[in-house]
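Student: These are the residues of each chain, in order.
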Amino acid sequence: MKHLDEYRDPALILRQVEAIRGACTRRWTLMEVCGGQTHAILRHGLDELLSDSVELLHGPGCPVCVTPAETLDQAVLLTRRPEVMLCTFGDMLRVPGALGDLNAARAAGGDVRVIYSPLDAVALAREHPKREVVLLAVGFETTAPAAAIAVLQAEALGLTNLSLLVSHSLVPPAMEALLTDPDSRIQGFLAAGHVCTVEGAAAYQAIAERFHVPIVVTGFEPVDLLAGIHACVEQLDRGEARVENRYGRVARDDGNAAAQDAVWRVFQPVEREWRGMGRLPASGLGLRPEYAHFDALKRFDLSGTASEGDSPCIAGKVLRGLSRPTDCPAFGRECTPDTPLGAPMVSSEGACAAYLHYRGET
Amino acid sequence: MTTEVVRLAHGGGGRLQAKLLDEVILPALGARALGAPDAAVLDTPGGRLAMTTDSFVVRPLFFPGGDIGRLAVHGTVNDLAMAGAHPLWLTLGLILEEGLPLDDLRRVLASVRAAADECGVRVVAGDTKVVEAGHGDEVYINTSGVGVVPDGICIDPAAVRPGDVLLASGDLGRHGVAILAAREHLGLEPAIPSDSASVAAAVAALLEAGVPVHALRDPTRGGAVAALQELADASGCRLVLDDAAIPVRDDVRGACEILGLDPLHSACEGRFLAAVPAGDGDRALAVLRSVPVATGAVAIGRAEPGEPAVIRRLATGVERRVILPAGEQLPRIC
Numbered sequence: 001m002k003h004l005d006e007y008r009d010p011a012l013i014l015r016q017v018e019a020i021r022g023a024c025t026r027r028w029t030l031m032e033v034c035g036g037q038t039h040a041i042l043r044h045g046l047d048e049l050l051s052d053s054v055e056l057l058h059g060p061g062c063p064v065c066v067t068p069a070e071t072l073d074q075a076v077l078l079t080r081r082p083e084v085m086l087c088t089f090g091d092m093l094r095v096p097g098a099l100g101d102l103n104a105a106r107a108a109g110g111d112v113r114v115i116y117s118p119l120d121a122v123a124l125a126r127e128h129p130k131r132e133v134v135l136l137a138v139g140f141e142t143t144a145p146a147a148a149i150a151v152l153q154a155e156a157l158g159l160t161n162l163s164l165l166v167s168h169s170l171v172p173p174a175m176e177a178l179l180t181d182p183d184s185r186i187q188g189f190l191a192a193g194h195v196c197t198v199e200g201a202a203a204y205q206a207i208a209e210r211f212h213v214p215i216v217v218t219g220f221e222p223v224d225l226l227a228g229i230h231a232c233v234e235q236l237d238r239g240e241a242r243v244e245n246r247y248g249r250v251a252r253d254d255g256n257a258a259a260q261d262a263v264w265r266v267f268q269p270v271e272r273e274w275r276g277m278g279r280l281p282a283s284g285l286g287l288r289p290e291y292a293h294f295d296a297l298k299r300f301d302l303s304g305t306a307s308e309g310d311s312p313c314i315a316g317k318v319l320r321g322l323s324r325p326t327d328c329p330a331f332g333r334e335c336t337p338d339t340p341l342g343a344p345m346v347s348s349e350g351a352c353a354a355y356l357h358y359r360g361e362t
Numbered sequence: 363m364t365t366e367v368v369r370l371a372h373g374g375g376g377r378l379q380a381k382l383l384d385e386v387i388l389p390a391l392g393a394r395a396l397g398a399p400d401a402a403v404l405d406t407p408g409g410r411l412a413m414t415t416d417s418f419v420v421r422p423l424f425f426p427g428g429d430i431g432r433l434a435v436h437g438t439v440n441d442l443a444m445a446g447a448h449p450l451w452l453t454l455g456l457i458l459e460e461g462l463p464l465d466d467l468r469r470v471l472a473s474v475r476a477a478a479d480e481c482g483v484r485v486v487a488g489d490t491k492v493v494e495a496g497h498g499d500e501v502y503i504n505t506s507g508v509g510v511v512p513d514g515i516c517i518d519p520a521a522v523r524p525g526d527v528l529l530a531s532g533d534l535g536r537h538g539v540a541i542l543a544a545r546e547h548l549g550l551e552p553a554i555p556s557d558s559a560s561v562a563a564a565v566a567a568l569l570e571a572g573v574p575v576h577a578l579r580d581p582t583r584g585g586a587v588a589a590l591q592e593l594a595d596a597s598g599c600r601l602v603l604d605d606a607a608i609p610v611r612d613d614v615r616g617a618c619e620i621l622g623l624d625p626l627h628s629a630c631e632g633r634f635l636a637a638v639p640a641g642d643g644d645r646a647l648a649v650l651r652s653v654p655v656a657t658g659a660v661a662i663g664r665a666e667p668g669e670p671a672v673i674r675r676l677a678t679g680v681e682r683r684v685i686l687p688a689g690e691q692l693p694r695i696c
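Protein sequence lines correspond, in order, to chains R and Z.
Counting in this note's numbering, the first sequence runs from 1 upward without gaps.
Counting in this note's numbering, the second sequence runs from 363 upward without gaps.
In case anyone wonders, no lab produced these hints; they're calculated from the structure.
Heads up, the beta-carbon is just placed ideally off N, CA and C, and yes, glycines get one too.
All clues given are correct.
Not everything, but these chain R residues come out facing chain Z in the computed CB check (under 8 Å):
1. 1
2. 10
3. 357
Estimated spans, in silico, between C-beta atoms of each pair:
4. Z:480 with R:4: 34 to 40 Å
5. R:128 with Z:384: 39 to 45 Å
6. Z:546 with R:268: 32 to 38 Å
7. Z:424 with R:117: 22 to 28 Å
Chain R with its partners taken away, still in its complex shape (with noise of 0.2 Å):
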C-alpha cells in the first residue's frame, strides 16, 4: 500500500539497524514521548532489533494514560444526570477512576457517546436541543486544536446546551518535568511528529538548550522511527544537543498556524494534574474567560470526587521511564486489558498494553 509499505520494507529496516548499530559507541538511553511511538516500536520489534545499542525509555505521551482519576470521576458524576449526554473518544471509557470507569457509568443506565471527533459533538448538541451535551476534552496538541473549533463552531450557533470537560495537555511542559527529575535517566528524545504538526518544531529549541539534549522530531512508521533514532545517536556521539527535524515529510519546523490559532483563541496554558507526574505548571489547557460558559465545570456542581485508593500499579514510574510495564508487581497478573488496574493498561496507546499486546510478556 502506497505511503504504508515504503516506511515498513524490512530489508531497509535491517539496513538502518544496522546503520545505528555502527553510530553507537556505547549503548543510549532515548525516550520516545509519545504513545503511538511506543505502540509502532513494540509492533515491529524494534526494540529487539537494537537492543544491543540502544535502550528505549516510553514516555507519557499518552493523553489517555495521564488523564487525572479526578477529571473520569466528574465525567462519570455528570453521567449520573439525566439531561447530560457525554461524549468522549473511546479510549476514555475502560480508564478507571476511583468512581468506576465510563463503561459502568454507561451500564447504570447514563448516556456515554463514542465519538470520532469533537465536532461530533456539536452535531450531537444541535441533534438533541433539549440535553446538555458534554464533551471530555482529552488529548496534547494535537487534539486541541479540533475541540477548540468545536468550541466557536458552537458558539457562532449559539448552541447552549454543549460545554465541554477539559482535560488537554501540552507535552514540553512534561517533557521539562521529566528531565528535571534527579533520576532520569533519559539522554535524548524523539518528540512526537504529529504534534509538531500542530506546534511546530521550534518549541522544543528552549529544551534542548537549558538540559543539553537532543530532540529530534521523528515520525510514526519504523523506516521514520529508525531515523529519528539514527540522528538522535549520532547527536550524542558528537555530543550535541539540538532541535532536529526527522519527519519533514509532514512535520514543519513552524507547525500549523491556523491550527494554533484556533487553540490560542479559545484555550490559554493552565496548571495540569498529569496522572502519574503531579501537577505540572502551565503544561495544560483551560478555556480562556471569553468561552468560560463552555465549562462543564462552571455548569454542573461536580464536587464530590474522591481521590486515587491504593493499589501496586506503577503507573506514575512507567509513565515517566523511571520502570518498564514487565517491572509491576501487577503487571499481567491482576492487571491485563480485561481488568486494568492503571490507564496504560487500557489505552491503544498505553506502553503496558503495548507490552501485552505484542510481546505478551507476563
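With the hints as your guide, set chain Z onto chain R.
Tutor: Relative to the frame of chain R, chain Z by itself:
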C-alpha cells in the same frame, strides 16, 4: 399510501399472523406451509449428524456485500462445514420489531432464500415473534442447522500437529471492517464489501480430494486471532504466522490503519482457516483455488512445538505474540 409495517398482532397467533406467514414469509422462502405445524419430520441420509445454532443481530441490516438474511444462512452453514459436515437443513427463527417495514422483511427473506438455494440447504422449520417498538432492533434472526458428516471424517481443533501448515481460504478481516465502515458512516469509497459467503463447497472439495484435514475454524468474532488461539489452546501447538503472507485487502488494511485496528482481530464471514499436514499443503491450496469462494487461498504459517500461542513472524525476523482483543475495539485518539 402508507408503508406496510410489522404490527404486534403479526406475532399474536391470530389471523394477521397467518396472513404474514402465508402471504409474506412462506412465499418469500419459496416454501409451502408444512404438513406438520409443530415439527419438521425428516429422513436422515445415515451417518453422523452435525448440529449447530447461531443468532444474528447485525446492524445495519443491509450492508455492502450482504445483509442479515444472507449472514444468517452463511453463518450457520459455515459452522456445519467447520465440522466437516455437508449442510442439509436450517431452521429460521425471526424476532421482528413492531414498525419494521414489510418491504425490509421481504428483502431479508429473499436473501435467506437466495443464500439457502446457493448453499443447497432447505429451511424446514421456522418461527416468528414480534416485540414492541423500542424493544428490539428491527430484525433478529436465529438459525439452527443440521448436516451430515461423511464417514471417516474427524476434524478437531485438538488434532493440529507440529509441522502442520496453516491455510487461509482468502483475504482476512473484511466483514468486521465492512460493518464498522457502514455503521459509522466512514464514507470509504468504494465501500468495502463484506466477504459473507458459504465456504461449504470449499470444505467439501478438500475432503473429496482426500486431503487429510486436521482442523478447520471460521474466523468470525474475534477474527483470525481468536480462531487461531482456539486451535493453539486445543492442540497445545505454537502457531507461527508469516506476517508477509497474511492476506488482507489494501482497502481493509487502510481502514484498519485509520481506525487503529488489527485486521487479524476483525471478523470474516466467508473464510476459514485449515491445518493440514505439511506434505498436503500444496495440494490443498490447489484444490481450494479451484473453488470460487477460495480462489485467494494461501498458506499463512505453520504449527510448531512449544507453548500454545499465536506468533506473528515479521519479515525482519522479529517474532511478536498476537493476543485476543480485550473486548470492543477501541479507536485511537491521537
